[in-house]
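**Student:** Chains as they are written, first to last, in our numbering: chain B, 1000 to 1661; chain D, 16 to 393.
Each hint should be verified, as a subset may be incorrect.
[To be verified] In silico contact screen, one side only, chain D against chain B (beta carbon under 8 Å); selected entries: (1) Ile20; (2) Leu21; (3) Ala24; (4) Pro36; (5) Ala85; (6) Arg87; (7) Val111; (8) Gln112; (9) Gly131; (10) Gln138.
[Claimed, not checked] Straight-line distance between alpha carbons at most 25 Å, and here's what the computed DMTMM-like set of lysine to aspartate or glutamate pairs gives: (11) B/Lys1472 to D/Glu359; (12) D/Lys243 to D/Asp206; (13) B/Lys1336 to D/Glu58; (14) B/Lys1479 to D/Asp69; (15) B/Lys1472 to D/Asp66; (16) B/Lys1336 to D/Glu83; (17) D/Lys105 to D/Glu83; (18) B/Lys1472 to D/Asp69; (19) B/Lys1472 to D/Asp206; (20) D/Lys380 to D/Glu335; (21) B/Lys1479 to B/Asp1609; (22) D/Lys380 to D/Glu78; (23) D/Lys369 to D/Glu335; (24) D/Lys257 to D/Asp236; (25) B/Lys1479 to D/Asp206; (26) D/Lys369 to D/Glu359; (27) B/Lys1336 to D/Glu78; (28) D/Lys356 to D/Glu368; (29) D/Lys257 to D/Glu270; (30) D/Lys382 to D/Glu359; (31) D/Lys257 to D/Glu169; (32) B/Lys1479 to D/Glu75; (33) B/Lys1336 to D/Glu335; (34) B/Lys1472 to D/Glu377; (35) D/Lys382 to D/Asp206; (36) B/Lys1472 to D/Asp93; (37) D/Lys105 to D/Glu75; (38) D/Lys57 to B/Asp1638; (39) D/Lys382 to D/Glu270; (40) D/Lys105 to D/Glu166.
Read the hints as simulated data drawn from the structure, not as lab findings.
Where a beta carbon is used, it is the ideal one built from N, C-alpha and C, also for glycine.
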Amino acid sequence: MLVELGHYALVLAFALTLVVSVVPLWGALNGDGRLMAVATPVSVTVFFLVLVSFAVLTGAYVASDFSVVNVYENSHSAKPLLFKITGVWGNHEGSMLLWVLILVFFGALVGVFGGNLPDDLRATTLAVQGWISAGFLLFMLATSNPFNRYENPPIEGNDLNPILQDIGLAIHPPLLYVGYVGFSITFSFAVAALILGRTDAAWARWVRPWTLLAWSFLTLGIAMGSYWAYYELGWGGWWFWDPVENASFMPWLAGTALLHSAIVMEKREALKVWTVLLAIFTFSLSLLGAFLVRSGVLTSVHAFATDPSRGVFILGLLCLFIGGSLSLFAWRAPMLKQGGLFAPISREGGLVLNNLFLTAATAAVLVGTLYPLVLDAITGEMISVGEPFFYLTFGPLMVPLLMAVPFGPILAWKRGDLLAASQRLYAAFGLALLMTLFTFWLWGMERVLAPLGVGLAVWVMAGAISEIVTRVKFFEIGPKRGFARLYGLPGSAWGTATAHFGIGVTVLGIVTSSAFQEEQVRTMRPGDTVNVSGYELTFDGSVPRRGPNFVEEVGHFTVREGGAFVAEMEPSKRVYTARQMPTTEAAIHTIGFSQVYVSLGERRNDGAVDVRAYYKPLITLIWIGCVIMALGAAFSMADRRLRVGAPKPAAKRKQSASVPAE
Amino acid sequence: MIFWILISALTALAALSVLVPLTRSRASVEEAAAQADAAVYKEQLAAIDRDLSDGLIDAEAAEAARTETARRLLSVHDRKDETRPAPLSKLRIRSVQLIALVALPAAALGLYLALGSPDLQDQPLAARLSAPAGEQSVELLVARVERHLAEDPEDGQGWAVIAPVYMRMGEPDSAARAYSNAIRILGPRPDWLTDMGEAMTVSNEGVITELARSAFQQAVDLEPTAVKPRFFLALALTQEGKTDDAINSWQTLLEGADPQAAWVPVARRELAGLTGETPELLPALRGPSQADVEAAGEMSDDDRQKMITTMVQGLAARIEANGGTVAEWGQLMRAYMVLGKRNEAFETYRRAEKVFAERPAELAKIKDAAVTLGLSGS
Chain B
1000 MLVELGHYAL
1010 VLAFALTLVV
1020 SVVPLWGALN
1030 GDGRLMAVAT
1040 PVSVTVFFLV
1050 LVSFAVLTGA
1060 YVASDFSVVN
1070 VYENSHSAKP
1080 LLFKITGVWG
1090 NHEGSMLLWV
1100 LILVFFGALV
1110 GVFGGNLPDD
1120 LRATTLAVQG
1130 WISAGFLLFM
1140 LATSNPFNRY
1150 ENPPIEGNDL
1160 NPILQDIGLA
1170 IHPPLLYVGY
1180 VGFSITFSFA
1190 VAALILGRTD
1200 AAWARWVRPW
1210 TLLAWSFLTL
1220 GIAMGSYWAY
1230 YELGWGGWWF
1240 WDPVENASFM
1250 PWLAGTALLH
1260 SAIVMEKREA
1270 LKVWTVLLAI
1280 FTFSLSLLGA
1290 FLVRSGVLTS
1300 VHAFATDPSR
1310 GVFILGLLCL
1320 FIGGSLSLFA
1330 WRAPMLKQGG
1340 LFAPISREGG
1350 LVLNNLFLTA
1360 ATAAVLVGTL
1370 YPLVLDAITG
1380 EMISVGEPFF
1390 YLTFGPLMVP
1400 LLMAVPFGPI
1410 LAWKRGDLLA
1420 ASQRLYAAFG
1430 LALLMTLFTF
1440 WLWGMERVLA
1450 PLGVGLAVWV
1460 MAGAISEIVT
1470 RVKFFEIGPK
1480 RGFARLYGLP
1490 GSAWGTATAH
1500 FGIGVTVLGI
1510 VTSSAFQEEQ
1520 VRTMRPGDTV
1530 NVSGYELTFD
1540 GSVPRRGPNF
1550 VEEVGHFTVR
1560 EGGAFVAEME
1570 PSKRVYTARQ
1580 MPTTEAAIHT
1590 IGFSQVYVSL
1600 GERRNDGAVD
1610 VRAYYKPLIT
1620 LIWIGCVIMA
1630 LGAAFSMADR
1640 RLRVGAPKPA
1650 AKRKQSASVP
1660 AE
Chain D
16 MIFWILISAL
26 TALAALSVLV
36 PLTRSRASVE
46 EAAAQADAAV
56 YKEQLAAIDR
66 DLSDGLIDAE
76 AAEAARTETA
86 RRLLSVHDRK
96 DETRPAPLSK
106 LRIRSVQLIA
116 LVALPAAALG
126 LYLALGSPDL
136 QDQPLAARLS
146 APAGEQSVEL
156 LVARVERHLA
166 EDPEDGQGWA
176 VIAPVYMRMG
186 EPDSAARAYS
196 NAIRILGPRP
206 DWLTDMGEAM
216 TVSNEGVITE
226 LARSAFQQAV
236 DLEPTAVKPR
246 FFLALALTQE
256 GKTDDAINSW
266 QTLLEGADPQ
276 AAWVPVARRE
286 LAGLTGETPE
296 LLPALRGPSQ
306 ADVEAAGEMS
316 DDDRQKMITT
326 MVQGLAARIE
336 ANGGTVAEWG
346 QLMRAYMVLG
356 KRNEAFETYR
366 RAEKVFAERP
376 AELAKIKDAA
386 VTLGLSGS
């Protein structure tokens, strides 16, 4: 009964999104406040209905109700409870439901927290969000319904892909989806602005928190996915330029550009075309990612669905949303007259430069991702552009951008003084130079690029600190008043500096871990010792072990440094019994910011095992940097000025009180 | 019934979320919109003042920024004056009410009835497993026992109960495992040992492995008169090529056996295959008889060759006439190899492959024979 109730809730949610797609927009175009007022309560109800449906599906997973086809195909009664729950979105239909849940969640959020928005903008934005939700709900009901049933259910399920049976699945997709889908709300805002013809500074101000929210979650989602791949795939790599990774990275690049360009629009009413287009493109790239993953165009861990009808459906949605929004843009383009003027050397100019580099980088990744697919479709030739392509295109675009990052926040609006800005960055530059020379001294001249990379990372980090110091005038007014001013700095200033510092941290991690890592691939017998960067790893032998739904061969290693015990490590090879699928579980030991990484390869007949052992200096900084970036976004969101907002009229308060009563 | 009440409740909630806001008064709408815009620009003006007092911008820049923002603030008021409140439309409200009360429930219910299965109950596994045994299918009963054994793997009786069920369900691997658990926990019993050996043999497509053989041996040690394990031991000897021992075993086994027993014809056929004596009852492989072999021993090489060639021709003709069994094809291949006619042997292998192409189990045996003879690489 519950399962069917969940199914009905989903269908009802679809019918209700059709209502919210039309009624508030109709009201907004006719200035009818009663129709516009429908938007918020309906959006909240849609969220509630999808939540019911999601909870019901989760319940079916937990109770191993194999009369639900989706549960039978992706679960197993012996699976640990956590993986029963995460298994809900470890498959095509369930992840689609999570996608829609987050989509309507953002609609409800804008409804509830959008009290400071003008009614027509809020109503139209929610209507556009309604179109997107309706499109995806229709897609689910038509091609990927998670509530299909068996009359005579099987006894046992097919289990979940073992690679996905990991704590990573609990965290990575939800974070990533909040990011991906979060950009739908900026898309809706942009389309609403085009429909209503109001693209002004106030609009940019209202979009800001939503962009920041989506961006920070996307950052965390990508970082989490990268760390997951790093420890689960057993290759020691953390980024593979896999098309699916690129699909999440492209919206991130475009979203980063959007974030910056919206600042200019907010402060100066300039860069309107940039901002609106970037809002459209960012979500379009998210949709493209969804299409690539679910159409069967790609084969990878992420590609659960290989049904061509789904691909065609998503392609249709993609064309409708992207084509529709771009047509709307073409129609309204004359209205987007430029606001404030600015000189090339200015904060605005710096941000235009930032946009150019980021969009060029997005284009490079897009080409590298789509070209092999297009070539395969047209000529049937299978190629892989791989890492060299991205190093040659993406890398050179990032270096000048990173060099410019510290200048941006220090330049003045409208017309800046490059020389004055440079003077404020002397200290940062000196520190970067020092670190470069230090790295050269430490590692010699054999790797020329690596010390320069370290210098670049330090430059970005020190630049971010310089910005704060400059704003506070620490050295001019003394530490006591300095700290007081530090405390009084607006959240957005802290946000900028923190996020930029985070970039530097990530770059430092990338440079050191790839340039100075040491790798040992050996066939080891019990008792053998291998040395990686001064750590002696002794293979003590391996034992079989039984898990709830897998059997594994666990290797036992003792790590010593100069004879002193450091840690024990237990990498293993598992075979998941239901699918007879092997996986590699790497063992990772963290020392400071660096890691020792051991994974097992093939087992030889004579008891010897192939072992890959790495020492990866400062590698955790890659992900720590991402967390710092997301923290920066959180600081910006917490900016006190946000709360000033519009005074809430009495009528509105009454209405929001009536929502829970329904 | 509760189901339909809940569905009605959800539908009512959805309809209300549309209907209730329609009753709100519209007085504050325009005012609020303008306030929202103005608030942003007032906030910006405040930010400019703050930046100025912090010394981040100079007075000149602050003045310019203030002018710019003030202009935006003014345009908000202009826009507010432009937008005249639209006349209230009864039609709009009525049509939205109609959508909420009629179209929405009709669409949702219609679509659900087309897609859903309102009659199907939830079937969580735990509830299915605890249902009365009479209502449960064999699979479900097995799942129940499995669950019990997963919790209490030391219940030997449980393993003993489920083992023959596995065998009937065509899962000899699981059956063998279950028997071995039962034996481990409750101690060896000849019938369990024998059945375990049988399960292993079935799972290996008839080949008696060392493990299975020792199980049969143990069964015989416990109960020397048992027929079944001795039968399999004889079969094992045959498979190992210990012809004399095998003949002995078969003969002992057949002595005083009930001729009606199901295993007797098989045993006789096996025996015939080894000795060459064709029992009248049974069609069997016609290898060289004991006398023939002895005669061959006394013959000159040429004569021996000739005799083997004749036999091979006979075998080939028989296969030609009635299709031949796997064993006959294997024998022919082996015979050609003995005669040094590798090409013919290979040719025979190819033809056998075609004949058994549709029967994978037999094809596998042909391939095995070919690999043993060195006719095929893998």
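**Student:** Does the alpha-carbon distance linking D/Lys257 and D/Glu169 stay inside the 25 Å limit?
**Tutor:** The hint is violated at about 40 Å.
**Student:** Using Cβ atoms only, decide whether D/Arg87 comes closer than 8 Å to chain B, and label the hint accordingly.
**Tutor:** holds, 6 Å
**Student:** Does D/Leu21 pass the interface check with chain B, least Cβ-Cβ distance below 8 Å?
**Tutor:** holds, 6 Å
**Student:** Can the hint on D/Gly131 be confirmed by a CB-to-CB distance to chain B that is less than 8 Å?
**Tutor:** holds, 5 Å
**Student:** The hint names D/Val111 as touching chain B; please verify it with the least Cβ-Cβ distance against 8 Å.
**Tutor:** holds, 5 Å
**Student:** B/Lys1479 and B/Asp1609 were given as a pair; does the straight-line alpha-carbon distance stay at or below 25 Å?
**Tutor:** Violated - the C-alpha atoms of B/Asp1609 and B/Lys1479 are around 60 Å apart, more than 25 Å.
**Student:** Given the proposed pairing of B/Lys1336 with D/Glu335, does the C-alpha separation stay at or below 25 Å?
**Tutor:** Between B/Lys1336 and D/Glu335 the Cα gap is close to 93 Å, so the pair fails against 25 Å, i.e. violated.
**Student:** For the pair we were handed, B/Lys1479 and D/Asp69, check the Cα-Cα distance against 25 Å.
**Tutor:** Holds. B/Lys1479 to D/Asp69 sits at ~16 Å (cutoff 25 Å).
**Student:** Could you check if D/Ala24 really has its C-beta closer than 8 Å to a C-beta on chain B?
**Tutor:** Since chain B brings no Cβ nearer than about 10 Å to D/Ala24, farther than 8 Å, the hint is violated.
**Student:** Taking only the CA atoms, is the gap from B/Lys1472 to D/Asp66 under or equal to 25 Å?
**Tutor:** The hint holds at about 13 Å.
**Student:** Are the Cα positions of B/Lys1479 and D/Glu75 separated by 25 Å at most?
**Tutor:** violated, 29 Å
**Student:** Would you check the hint for D/Lys257 and D/Asp236, treating anything up to 25 Å between C-alpha atoms as holding?
**Tutor:** holds, 21 Å
Hints 1, 3, 5, 8, 11, 17, 19, 21, 22, 25, 31, 32, 33, 34, 35, 36, 37, 39 and 40 from the earlier list are contradicted by this structure; the remaining hints agree with it.
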